[in-house]
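Q: One letter stands for each residue in the lines below.
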Amino acid sequence: MRLKISKSIQVGLLFLPLLLGLALAIALQVISGNNPVIRFQARADLGTLALIGGSLLTFILLGGWTVRGVHNRSLKRSLATVLSETTLARRRFLGRLDHELRNSLTALHSTLGYLHGTSNEIDISRGLNDISVQVSRLRSLVIDLRKLADLEEQAIERQPVDIGELLKDVLETIQVHPDYNERQVRLTLLQSPWQLSPVQGDGALLSLACYNLLDNALKFSQVGDNVEVRAFEVDNWLVIEVADNGPGIPENDLPYIFEELYRGSNARGQPGSGLGLALVQTIVRRHGGTVTVRSRSGQGTVLTLRLPLGL
Amino acid sequence: MDCSHILLADDEKMITDYLAPILERAGYSVTVTSDGQTTLRKVSELHPDLIVLDVLMPGMDGREVCRQLRAVDNWIPVIMLTCVNETVDKVLSLEEGADDYLCKPFDPQELIARIKAVLRRRQASTSSKTISQASRLQAGDLILDRCARWVEVGGQAVELTPKALALLEYLMLNPEQVFTREQLMDAVWGWSHAVASRAVDVRIAELRHALGDDPEECKYIETVIGVGYHFVAQVEIAGG
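Protein chains in written order, with my numbering: chain A, 1 to 311; chain B, 1001 to 1240.
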């Protein structure tokens, strides 16, 4: 839209002298009819007219070509920006993947090296257990990465999903979370003047998205903090908010939290594959919705899912 | 002790070197191959009871090996090892011709469980094909046409969502086997998570309603309390 406006302004500017000249000529012609002092007369033979016509056409074509050039250069610049952003995001992702793999492989190498030099049964048992933990971690990483890739391609089931029931199930399932009992978890659903409308989508995937948000809120808040889950309708959108009054997300981390394998500066040492929010974003996008974050240092964080109604 | 002979076909030596002894420890005799051509030759030479077949192998891949076997009417049970997590309706398609599949990375104990289940199915089958290779399945007055994605009960067409149909297909292909919700999600949805296992209950409820199956006196799908579900009716290959 911005490009269109600037293009029409450019066209206007190019033809402005010509239009002004024409307007002046017409005005003079009109005035000269009744004014004996000013008299303006235009006379030309066919050849001169053809020459003027040709020059005008060339002028118009030249103007159009210049505008198109500017337009194309602007498009190319936008495309280059998008491409460089994609390349940068891809580089960041590969860097994080490299880091994750190196950590697990270093742990595996160290454990194997340790096992080679010991015959103590307790040490062997502990070493095998550590190997099993690292293998499980790598396995989860591979499964989650593939789930992300599958989500981009697979058709999304469109069945009516009762978000109220879904959120109640999510809260029930998450009760076994190690931090659940140390937080004040509350669910508020829009009840009046009407109940929440169903969303058309894949209930299993939407459950996973809500679970991941709640899991994050529990992980990154502290003992005694409130965690609120709210669902309501705004226009044609069903909105789900997961809010906590924990320490908040550092401002520098905010632009990246939905990127694959991104771990915020306060997330190091926390369990998880680093793919939870990337999965949320992909699931919500495939449902035609959005996910956004608001956070204030020392005050807390709100993650907001917006899902279209009546599709 | 089960003495079935397994042909293990995978080009990754690090996998076969450890998997073969694990299968032998479970009581099977094992022959290892590492490419499609050799696998086909060993099938005709050794007549194994089952093939564990990796999809990605040099030269002829696992899918082509399976297709060539089926093309000459060889219905030896095949468990396909895939790298892509495809859901049951895609992978157990009749074109593919495999009896079951496992997605890498997998737990060796899960492979042993699958081998046992497929061999049991083979022994229970009266025809040369097992039910997983048939296009139409029947259980009492319930008929499932796997190619047309069509279900009828007592001659009446039944409308099902794609997920419910895939779930019914998976349960009918594995009758008498009790599945947890997570296992059913893994097989039909291609992933599983505790929070989403209710999706299985929702589809089971849909199936029961559509098939007119009373959970108290079930004809088809039974709930195993604390575990999951299983298909209780006898499944046969339907004619037509």
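I should point out that these hints are in silico values taken from the structure, not numbers from a laboratory. Keep in mind that a hint or two might mislead.
Claimed, not checked - Derived BS3-like pairs (lysine-lysine); straight-line CA-CA distance at most 30 Å:
#	chain 1	residue 1	chain 2	residue 2
1	B	K1219	B	K1129
2	A	K147	B	K1013
3	A	K147	B	K1042
4	B	K1042	B	K1116
As the list claims (entries may be wrong) - To list a few chain B residues with every Cβ distance to chain A over 12 Å, as calculated:
#	residue
5	V1153
6	A1164
7	V1195
8	E1217
The C-beta atom is built at its ideal place from N, Cα and C for all residues, glycine as well.
Q: Against the structure shown, which of the earlier numbered hints fail to hold, in ascending order?
A: 3, 6 and 7
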